Amino acid sequence: MAFTSKPNSGRTGARSIPRARKLISASGTTSARDIQVWDPLVRLIHWSLALTILLNGAVVEEESQVHEWIGYIALGLVAIRLVWALIGPKHARFAAFPPSPGRAVRHLRDLLAGDRRVHLSHNPLGALMVYNLWISVILIGITGYMMTTITFFGIDWVEEAHEVVFGWLLFSVALHVAGVAVDSWRSGVNLVRSMVSGRKTIPQGREVE
Amino acid sequence: MSQSLRPTRTRERRATVLAGLILLQALCALFFIGDVIEDFRIDGQFDNPHLILESVAAATLIAGVIFLMVELRSLLLRMSEMQLGLDIARGHVAEIIDAFFAEWGLTDAERDVAIMMLKGVDNDTIARIRKTASGTVRAQATRIYSKSATDGRAQFISFFMEELMSGDIAPEETAEEKSDQGSAALPEKKTQAPKQSSTKELT
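Protein chains in written order, with the numbering used here: chain Y, 3 to 211; chain R, 2 to 204.
Source of the hints: derived by calculation from the structure; they are not laboratory data. Please read these numbers as outputs of a predicted model, since none were measured by experiment. There's no promise every hint is true.
[To be verified] Taking CB as the label site, the calculated pair distances span:
hint : chain 1 : residue 1 : chain 2 : residue 2 : range
1    : Y       : TRP170    : R       : ALA64     : 28 to 38 Å
2    : Y       : ALA60     : R       : GLN46     : 38 to 48 Å
3    : R       : GLY21     : Y       : GLU162    : 31 to 41 Å
4    : R       : LEU85     : Y       : SER199    : 13 to 23 Å
5    : Y       : ILE152    : R       : ILE53     : 22 to 32 Å
6    : Y       : SER199    : R       : ILE53     : 40 to 50 Å
7    : Y       : ALA176    : R       : ALA64     : 38 to 48 Å
8    : Y       : ASN192    : R       : GLN46     : 55 to 65 Å
9    : R       : THR108    : Y       : ALA176    : 50 to 60 Å
Just so it is clear, CB atoms sit at the ideal spot from N, CA and C, and this is done for glycine as well.
Go ahead and model the full structure; you've got the sequences and the hints to work with.
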């Protein structure tokens with residue numbers, strides 16, 4: 003090509019990239035670092051599920067009809083989320099956050115070593131928490147349903163399992179909130195806001211995974 | 002500015018509405034399925050018309066939910082593609098502007114002033130931002146005009162507008178077409194496919 007044979011063309015190219023980046027970020031609008039990660043369905047399900055847990059755990063009277071219905075809604079929400087994890091967009095899929103204890107351990111080690119990478123979907127520890135929360139909700143839902151059936155009505159272990167798993171769920175939720183706080187502080191990405199707006203605002207020069 | 006650069010906003014609203022519908026309809030579907038199972042458990046047979054009708058309704062609802070989910074996914078995909086295109090375009094614009102600046106041999110200070118001029122910042126504000134006298138900025142602006150062979154701010158800005166609007170096809174083809182015309186100001190940079198920083202981050 004006639005154009006590229008100019009002696010200064012290589013230098014210009016090398017210099018123009020950081021400058022271009024500066025131009026983009028200097029535009030003050032949503033720059034390339036503002037990345038859409040959580041689709042509206044994921045967000046709706048997340049906050050609805052949080053609401054059902056809050057309502058059934060703290061507001062609604064136990065053994066009431068409403069408690070049962072809210073429980074079924076929670077089960078339904080998890081079911082919808084599982085389907086969405088099969089056919090949904092990239093960041094919502096199982097493939098984006100496989101349940102891998104090995105990766106979680108490695109991630110934890112990296113964290114302690116001061117790694118500040120940003121994960122677009124759930125980070126490996128967060129992924130484990132996600133599965134843990136879903137399984138807990140499903141178990142609570144199933145044991146709760148069993149209590150309404152004639153076969154299992156009044157049987158102690160079912161009721162106990164319902165209570166124990168709910169206790170575990172509360173503990174998990176606390177851990178989940180703490181994890182979100184720690185990771186927001188570590189990575190500089192406000193994770194709560196990203197679950198509301200759907201976007202993660204990645205700080206300049208941070209590695210993304 | 003941020004509003005005009007976000008044509009995806011109405012689509013975002015549509016996606017949210019779609020997600021809400023999916024959620025409600027899926028819960029309705031699950032309610033029907035639960036009802037069918039419950040009835041079946043009590044009746045133990047599947048031949049009464051009520052149960053059959055209810056099953057059909059449940060299956061239809063499920064199919065509807067799956068369809069809406071696929072629809073939502075393709076809407077989200079279109080949105081992210083649009084955003085990607087926009088980001089690439091922004092990157093290209095930056096590259097092209099920078100290539101022209103290099104071609105004209107603007108100094109670093111002149112580049113900063115020129116960029117701010119393109120963004121519509123007036124001389125006094127440029128002077129404040131760069132912490133220089135406004136006379137300095139005026140002098141730099143004059144040098145920028147003479148180096149770019151334009152006769153003032155309006156022409157300087159419209160030079161880039163003209164450059165960006167002249168091609169209605171792919172950037173590479175535009176560059177070739179331009180070079181055939183022997184456009185004097187076309188820098189060599191433009192024929193290379195510009196390296197993109199934003200595309201990588203978005204995938």
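We went through each hint and held it up to the structure:
1. Distance hint for TRP170 of chain Y and ALA64 of chain R: a CB-CB separation of about 36 Å, consistent with the stated range 28 to 38 Å.
2. Between ALA60 of chain Y and GLN46 of chain R the beta carbons are some 43 Å apart, a value that agrees with the proposed interval 38 to 48 Å.
3. For the pair GLY21 of chain R and GLU162 of chain Y, the supplied restraint of 31 to 41 Å holds, since their beta-carbon distance comes to about 37 Å.
4. Between LEU85 of chain R and SER199 of chain Y the beta carbons are some 19 Å apart, a value that agrees with the proposed interval 13 to 23 Å.
5. Take ILE152 of chain Y and ILE53 of chain R: their Cβ atoms lie about 26 Å apart, and the range 22 to 32 Å holds.
6. Taken as a hint, the range 40 to 50 Å holds for the pair SER199 of chain Y and ILE53 of chain R, whose Cβ atoms sit roughly 45 Å apart.
7. As the Cβ distance of ALA176 of chain Y to ALA64 of chain R is approximately 40 Å, the hint placing it in 38 to 48 Å holds.
8. The hinted window of 55 to 65 Å between ASN192 of chain Y and GLN46 of chain R holds, with their beta carbons roughly 56 Å apart.
9. Under the hint 50 to 60 Å, the C-beta atoms of THR108 of chain R and ALA176 of chain Y, about 58 Å apart, fit the expected range.
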